[in-house]
Amino acid sequence: MLAYIIRRVFQSALVLLVVGLVAFSMFSFVGDPIDNMLGQERTQADVERLRQTLGLDQPFVVQYWRFLEQAAQGNFGQSYRQGRPVAEIFLERLPATLELAFVSGLMALIGGISLGIFTAIRRRGTAANLIMTASLIGVSLPTFLIGILLIYLFSVELGWLPSFGRGEVTRVGGWTTGFLTTSGIKALILPSITLGLYQMTLIMRLVRTEMLEVLRMDYIRFARARGIREKSVNFHHALKNTLVPVITITGLQLGSIIAFAIITETVFQWPGVGLLFINAVQFVDIPVMAAYLMMISVMFVGINLIVDMLYFAIDPRLRVDRTAGGH
Amino acid sequence: MTDTPIPPAPPSRLRRAWESDLFWSFRHAPVAMASSFVVIVLILGAVLAPLIAPHDPFSPGTLNLMNGFTPPGQANAMTGDIFLLGTDDQGRDVFSTILYGMRISLFVGFSAVLLAMVLGVTLGLLAGYVGGWTETIIMRIADVQLTFPAILVAMLIFGIAKGITPPEYRDEMAIWVLILAIGLSDWVQFARVVRGATLVEKNKEYIQAARLIGRTPFSIMLRHILPNVLNPVLVIATISLALAIIAEATLSFLGVGAPPTKPSLGTLIRIGQEFMFSGEWWILIFPAVTLLALALSINLLGDWLRDALNPRLR
Amino acid sequence: MTDTPVLSVRNLVVEIPTRHGLLRPVDDVSYDIEAGEILGVVGESGAGKSMTGNAVIGLLDPPARITSGEILLSGQPIHNLGRSALRRLRGKKMGMIFQDPLTSLNPLLTVGEQLSETIREHLDVSHDQARKRAVAALEEVGIPAASARINSYPHEFSGGMRQRVVIALALCAEPDLVIADEPTTALDVSVQAQIMALLKRLCRERGVAVMLVTHDMGVIAEAADRVAVMYAGRLAELGGVREVLTNARHPYTDGLMASTPLASAGLKRLRQIPGAMPRLGALPTGCAFHPRCEYAQDRCRKDPGPTIDSCDGRAACWFPLATDRKEEAQA
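Residue numbers (the numbering used here), protein chains in the order written: chain A, 1 to 327; chain B, 1 to 314; chain C, 1 to 331.
If you're looking for bench data, these hints aren't it; they were derived computationally from the structure. Being a predicted model, the structure only gives us computed values, none of them experimental. There's no promise every hint is true.
[Unchecked claim] For the chain A half of the interface with chain C, some residues (derived, Cβ under 10 angstroms), not all of them: (1) 45; (2) 46; (3) 165; (4) 168; (5) 229; (6) 283.
[Said to hold, decoys possible] FRET-style restraints, in silico, Cβ to Cβ: (7) A:158 x B:47: 48 to 54 angstroms; (8) B:132 x A:85: 44 to 50 angstroms; (9) B:217 x A:25: 29 to 35 angstroms; (10) A:279 x B:223: 32 to 38 angstroms; (11) B:204 x C:304: 23 to 29 angstroms; (12) B:27 x C:74: 47 to 53 angstroms; (13) C:158 x A:110: 37 to 43 angstroms.
Ideal placement from N, C-alpha and C gives every residue a C-beta, glycine not left out.
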């Protein structure tokens, strides 16, 4: 098992290295940031000075090495657009995104799994069919449209909830939180639903498919043939077997919440890293793009590792030595 | 005349298709029929936009700024013109902009899926049939890419491409960059499914036989394996089309897609959003409903197709 | 044996509505199984053997359903019981053994968990007692070091051992009837005989009635007391295993026997039945077997299908094979 974990960690490092290369290539191949940073009235001296500050006068290999070295220390240089250290901007913006992702992730997970189980068990029922149809609408509604429609209904028409921003935030150490004020919590509601709804429908549909697959298995028939009660068949025998594939995809889904936050943050002008990234793409602010890419991949790789650990907890077949298994 | 009975003519291709299981289940699925009707109407509307649209929203000569913000179905207070779905701030007919916007959305969607399909099927066939290092490299890339959400990958590709293209061509290139970005972000699904099916097929006897009689790998892949993976590819392509249209709309909405000079449905929604607070709801709602109808009916069609082609999962 | 049979199936009909019309995978099937008796049910795949078993235990997959006939368990009708009443009978009064031991055990639960749960579901015992019973059940089916292996997961057992666990699970709440659906088909040949011997011993010792569904004539010859031959959803022949195997009256049984390599049959040339069993949607008129029957006559083609009761009480055939005639045909 230890060998397996070490191998996984090694693979993860490799993925990060590849992503790092992509990020760095962005630095070296994509456009001239000087154009973006200096206006029309620039002197050659200005250009040279900036070039040196940004390290763009060095050869490719040196730049690459410096990038890796700096990235490992969390230093992604200066934002072309804001002229401030990228790390500083990220730290400032991260709490907003993480709080949003946490609330909507929780919602997606709890809602998705319970609805998925329900629609699988009652698969011929009217309620289950209604939920399935509704979920298809949910999948077809682009996230940004959900957000806009929610704003239109609850902010413009009803005037109940704010349409943008985080509301009042409280500073706790280096962290800013919206959980402690009423306006902060109110501001969280619409963005969380917007972000969570799509993930919830995906998780629900996935849980349902896997559960239906498991319910067709021989061991479920055998459990029924032994007179095990439906509740235990569904929740003890079937659900446990459903969890293994569900955890993989769900883990990735939760990871992609951070990425999908880009859209929600744009709709609600939520001051998180997603909004930062989309502005960076519009202005070709490569250091911010690269840092965002690295941040996301570290998160994904981390989630993947946790998912693998969870497998061991659930599936006894993985716990034995691989060479002893098989038939 | 002789008494020889005339053998019944073999049923025509069309007749056989009509009587096939697929069409049987189609004729008995009202949802599938309704959604394909919607899809066909929308596609026709987009293709025939220049003929149908009452105005050409992109020729400045026909625009009258006085017509701005005309509510749907009402006569403009100053000019007296009536617009079915109203006008936007510049006096452009919303109905016409939607028809033209759909053209761009559908064009980007279809092209991106085509790109993803060609790329994915080719790489999947190669990986499955050739195996070895080819397979390892292709599938590793697929794995890494799959870890990232397609929309993020598309955004990165868009960002990089934008950085490479000179600013003066950016608007013109935007559509092609979009197709490239969405297509490249979506090939993995195709590749994985095709590879899986290829691995299964390649060990069957008839493939061995084809190999024994000296067929080239290329012809085996094309003539024998490809037909066997068409069903899942068709299902994925349908669902991908909905995803691609949504992805395009999302990118355009975020301002990293179709430019305002060539607005897609997403761009229209982005523009419409600005007027939501001031009460001009029609500029936002009509493109939004169109996008939803398009995506939903394609999804419904894909959902039905998956069930119909794979009865086990019902 | 004068008491009521453990299982009594009376004119059972199972139907599946499809777009091509109503299919009858089980059509007018009747038989009894006494306590301690093993009834072998044979036939080609699709003959309705497993469907009969599923109907008895109440696990027909919708849209298949029982449309007429009766199933009596120890004289009590069970074909019309509600879902939960039927569930309480499963495991307690009747158990089922499936074909593939690799897939019939839940991979994520230990063998002990699966046994204890079943025992506690049907018998009013404490947790500890259930565990003791579980160990005893494993010992009885011949699992060595049962008290240690009880905490093992299914993947830690070999195929044959797993089928023993499956048998222990089916029998742990002491049912009166066991339906064994191809219990040895998925096993290695060397293990098959062991498992059959085990099943046979347990049934004799406990007086359990067994419905042994199989397509393997060898298994029937070895284990069954009586045999029911099914063809296209109907019973073709029903009788004592010795009589049916050595003196088949239905031409189909005869063909089935002639095409089976039995060690006892000596060095006879294997014959085969021409053609294939018709699909349920396309049954021929008259006797379903007549297109493949070498003795078929006009009546077989025209009259509605013969039943065992309407013929000689053993074979559903208008012209059952006489012993001497059969010998003639072989000469």
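Outcome of the hint check:
{"no.": "1", "hint": "45", "in the structure": "violated, 70 angstroms"}
{"no.": "2", "hint": "46", "in the structure": "violated, 66 angstroms"}
{"no.": "3", "hint": "165", "in the structure": "violated, 47 angstroms"}
{"no.": "4", "hint": "168", "in the structure": "violated, 48 angstroms"}
{"no.": "5", "hint": "229", "in the structure": "holds, 7 angstroms"}
{"no.": "6", "hint": "283", "in the structure": "violated, 51 angstroms"}
{"no.": "7", "hint": "A:158 x B:47: 48 to 54 angstroms", "in the structure": "violated, 40 angstroms"}
{"no.": "8", "hint": "B:132 x A:85: 44 to 50 angstroms", "in the structure": "holds, 46 angstroms"}
{"no.": "9", "hint": "B:217 x A:25: 29 to 35 angstroms", "in the structure": "holds, 34 angstroms"}
{"no.": "10", "hint": "A:279 x B:223: 32 to 38 angstroms", "in the structure": "violated, 51 angstroms"}
{"no.": "11", "hint": "B:204 x C:304: 23 to 29 angstroms", "in the structure": "violated, 43 angstroms"}
{"no.": "12", "hint": "B:27 x C:74: 47 to 53 angstroms", "in the structure": "holds, 49 angstroms"}
{"no.": "13", "hint": "C:158 x A:110: 37 to 43 angstroms", "in the structure": "holds, 41 angstroms"}
Of the numbered hints given earlier, the model fails hints 1, 2, 3, 4, 6, 7, 10, 11; all others are met.
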